[in-house]
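Going by this note's numbering, the first residue of the sequence shown is number 8, and it counts up by one from there.
It is worth saying that the hints were derived from the structure and are not from the lab.
Don't take every hint at face value.
[Claimed, not checked] Think about it this way: if two alpha-carbon atoms lie no more than 16 Å apart in a straight line, the pair counts; the simulated EDC-like pairs of lysine to aspartate or glutamate are:
(1) 334 / 231
(2) 314 / 231
(3) 314 / 219
(4) 314 / 221
(5) 334 / 121
(6) 314 / 204
(7) 215 / 184
(8) 334 / 233
(9) 114 / 144
(10) 215 / 231
(11) 314 / 233
[Claimed, not checked] With beta-carbon atoms standing in for the labels, derived distance ranges:
(12) 108 / 154: 29 to 35 Å
(13) 20 / 114: 39 to 45 Å
(14) 306 / 149: 50 to 56 Å
(15) 255 / 293: 32 to 38 Å
Owing to the predicted nature of the structure, the values given are computational and were not obtained by experimental measurement.
Beta carbons: idealized from backbone N, C-alpha and C, even for Gly.
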Amino acid sequence: MRITYAPWGETLDELIEVARRAEEAGAEAVWVPELHRSATIAAAALAQATSTARVGTAIALAFTRSPMVTALEAMDLDELSGGRFILGLGTGVQRLNEDWHNARFGKPVPHLRETVRNIREFIATCTTGQPIALEGEYEPMRIRGYQRPFPVTRTRIPIYLAAMGPAMTRLAGQIGDGWISHELCSPRYLTERILPELEAGIARTEGKTRADVEVVVSACCSIDRDPAVARRRVAGLVGFYASVRTYADFFEFHGLAEQQQAVIDAFRSGRGADYLGDVVTDEMVDTLTLCGTRDQVAERLAAYEGKADSVKLSPPTHGLSAEDTRKAQDEILALIAELTGGRA
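Starting from the given sequences, assemble the full structure and let the hints guide the process.
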């Protein structure tokens with residue numbers, strides 16, 4: 008099982024330095040999200056700062072750029088990294104797309120299917136000069152008279168899809184080179200809810216096997232000699248996601264429906280989504296995150312063996328000071344070095 012990392016930095020300089028440290032510690036990939044920074048710009052910074060680790064977006068928003076722009080950025084990032092780039096895409100939620108970005112959302116599964124198709128077609132043929140004529144409800148693409156004059160590092164860049172619901176998870180299995188989990192994904196949820204849907208999607212593509220899809224579990228991690236301190240650091244992240252009613256089935260699956268409702272009630276009373284950690288129970292944190300002493304976290308991490316191909320560790324940030332996040336990050340990098348034999 009590969010250990011990968013999502014570095015945090017208050018500045019781009021700090022983000023770059025942490026990515027270097029993660030690579031040195033033995034992380035096999037470094038990942039960047041898209042919310043407070045552009046995923047592609049941050050990935051470009053990490054691509055030039057590292058030399059061996061893969062560099063991926065986890066995730067870039069699929070519908071807020073045109074497929075052609077996404078393909079161009081992916082090719083540039085693949086060139087910058089020397090063929091180490093992974094394009095991780097996700098749909099986001101309807102409100103984010105339509106209200107924040109004025110982007111079309113529609114039905115996300117067919118919309119994402121067309122988006123991935125277009126990106127792959129453009130990357131594969133953009134240097135040939137041949138026309139592209141793709142029909143679609145959401146992303147028709149008609150290009151004539153275009154020929155990219157620059158070489159392409161790889162004509163097929165791996166595309167990983169973020170998915171949580173069954174239909175999107177099946178799509179990831181069917182057309183994706185990998186699947187990336189939500190920040191909260193327990194080993195039991197992975198085994199019982201995700202892997203069967205991935206397998207069902209894989210079975211829809213002739214000749215494709217489970218080995219062709221990298222399963223990447225995202226796991227927020229908090230380590231401290233005092234387990235209570237570790238829990239409180241990561242509680243804000245759990246509270247952030249628990250405040251979203253869309254995840255009701257996920258919390259109910261873990262027997263945490265009542266605890267989630269308490270968080271939702273606090274959020275509706277006017278509390279900020281980043282500041283709900285004091286409403287989150289220890290049971291929620293222990294069930295959904297990797298937290299505790301270093302030995303405890305290593306033991307919980309091992310529960311993904313044989314289920315996930317990679318685990319993407321990330322530090323807690325919600326409701327924390329920059330200094331607290333740095334402390335948590337230092338502990339995670341030390342754990343990675345211990346697990347991989349790298350140098351912290």
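Does the Cβ-Cβ separation between residue 108 and residue 154 fall within 29 to 35 Å? holds, 30 Å
Holds or violated: are the alpha carbons of residue 215 and residue 184 at most 16 Å from each other? holds, 10 Å
Can the restraint linking residue 314 and residue 233 be considered satisfied, given a maximum Cα separation of 16 Å? With Cα atoms ~29 Å apart, residue 314 and residue 233 exceed 16 Å; violated.
Holds or violated: the 50 to 56 Å window for the beta-carbon distance between residue 306 and residue 149? Taking Cβ atoms as reference, residue 306 and residue 149 lie about 54 Å apart, which means the hint holds.
Keeping to a limit of 16 Å between CA atoms, is the pair of residue 114 and residue 144 held or broken? holds, 10 Å
Verify the proposed pairing of residue 314 with residue 221, using a straight-line Cα cut of 16 Å. holds, 11 Å
Between residue 314 and residue 204, does the CA-CA distance stay at or below 16 Å? holds, 14 Å
Hint consistency between residue 334 and residue 121 [alpha-carbon to alpha-carbon, up to 16 Å]: violated, 42 Å
Does the hinted range 39 to 45 Å hold for residue 20 and residue 114 at CB? At 41 Å between Cβs, range holds.
Keeping to a limit of 16 Å between CA atoms, is the pair of residue 334 and residue 233 held or broken? Holds, at about 13 Å.
Does the Cβ pair residue 255, residue 293 satisfy 32 to 38 Å? Between residue 255 and residue 293, where Cβ atoms are some 20 Å apart, the hint is violated.
With a cut-off of 16 Å on the C-alpha distance, tell me whether residue 334 and residue 231 pass. Given that 16 Å is the threshold and the Cα spacing comes to 9 Å, the pair holds.
When the structure is compared with the earlier hints, violations turn up for hints 2, 5, 10, 11, 15 and for no others.
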